[in-house]
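All chains should be modelled from the sequences, with the hints used to inform the complete structure.
Chains A and B are the protein sequences, given in the same order.
Using our numbering, you'd call the opening residue of the first sequence number 19 and step up by one each time.
Using our numbering, you'd call the opening residue of the second sequence number 29 and step up by one each time.
Wrong hints could be hidden among the right ones.
[To be verified] Here are the computed lysine-lysine pairs in the DSBU-like style, where the Cα-Cα straight-line distance is at most 35 angstroms: (1) LYS74/A to LYS47/B; (2) LYS35/A to LYS69/B; (3) LYS81/B to LYS59/A; (4) LYS35/A to LYS47/B; (5) LYS50/B to LYS66/B; (6) LYS64/B to LYS86/A; (7) LYS21/A to LYS64/B; (8) LYS68/B to LYS21/A; (9) LYS64/B to LYS74/A; (10) LYS21/A to LYS66/B; (11) LYS21/A to LYS47/B; (12) LYS46/B to LYS59/A; (13) LYS66/B to LYS35/A; (14) LYS46/B to LYS35/A; (15) LYS86/A to LYS66/B; (16) LYS86/A to LYS37/B; (17) LYS21/A to LYS50/B; (18) LYS59/A to LYS35/A; (19) LYS37/B to LYS21/A; (20) LYS37/B to LYS117/A; (21) LYS74/A to LYS69/B; (22) LYS117/A to LYS68/B; (23) LYS59/A to LYS50/B; (24) LYS46/B to LYS74/A.
What the hints contain is simulated information worked out from the structure, not anything from laboratory work.
Please read all numbers here as calculations on a predicted model, not as lab measurements.
So you can see what is in the structure, the chains are spelled out below.
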Amino acid sequence: ELKVEQNPLFLSMQEGKNYTIYCNYSTTSDRLYWYRQDPGKSLESLFVLLSNGAVKQEGRLMASLDTKARLSTLHITAAVHDLSATYFCAVDQIQGAQKLVFGQGTRLTINP
Amino acid sequence: DTEVTQTPKHLVMGMTNKKSLKCEQHMGHRAMYWYKQKAKKPPELMFVYSYEKLSINESVPSRFSPECPNSSLLNLHLHALQPEDSALYLCASSQDRQGAQTGELFFGEGSRLTVL
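See below:
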């Protein structure tokens with residue numbers, strides 16, 4: 019059974035600092051997704067990573083995928099308050115029907 | 029158009045009521061999903077429809093009954109729910125992941141359900 023673990027689960031940081039969120043998963047997959055969720059809102063797609071070594075960047079966020087290590091990272095550069103949200107990674111089980119399994123989420127708070 | 033539309037946005041129902049949640053997409057996606065999300069938790073998959081056929085049922089209680097009338101519509105019929113079923117119900121859709129498709133899920137805004 020596919021399991022997805024994120025760490026840290028809570029992250030409080032200051033504006034201007036850099037940090038990384040980690041996403042580990044338990045079985046082979048080459049499809050990983052990052053989503054953002056604001057309180058009381060739905061999930062917004064951030065990145066789609068579809069192969070080993072994939073790297074995507076959007077503004078202050080950069081995501082990467084290492085399928086051999088079963089690890090994805092979401093790196094935040096020079097954080098700003100607007101990035102405060104909960105970030106989820108999700109992994110496609112790839113066997114059978116498409117099924118995304120979500121990590122627990124990382125609640126990110128960026129303080130001025 | 030990259031929108032998934034869910035109605036209603038909020039629903040309050042008693043344990044003896046029957047209600048339905050509705051979801052619509054016009055992106056030509058052939059897979060549609062229902063997820064349940066409790067506060068401060070990740071979304072949990074309930075059902076997957078692929079090409080209008082139920083392909084995954086994650087052992088969801090029968091008081092939740094999904095229906096896919098056509099490739100653009102997905103319903104979730106609710107009957108005799110319990111207070112612990114109160115949650116945000118998210119609908120999503122995606123292209124088939126074969127070939128060059130990314131399999132990316134696009135989520136609706138959700139229906140917030142309260143069961144009294």
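Hint check against the structure, violated hint numbers in rising order
1, 4, 14, 16 and 24
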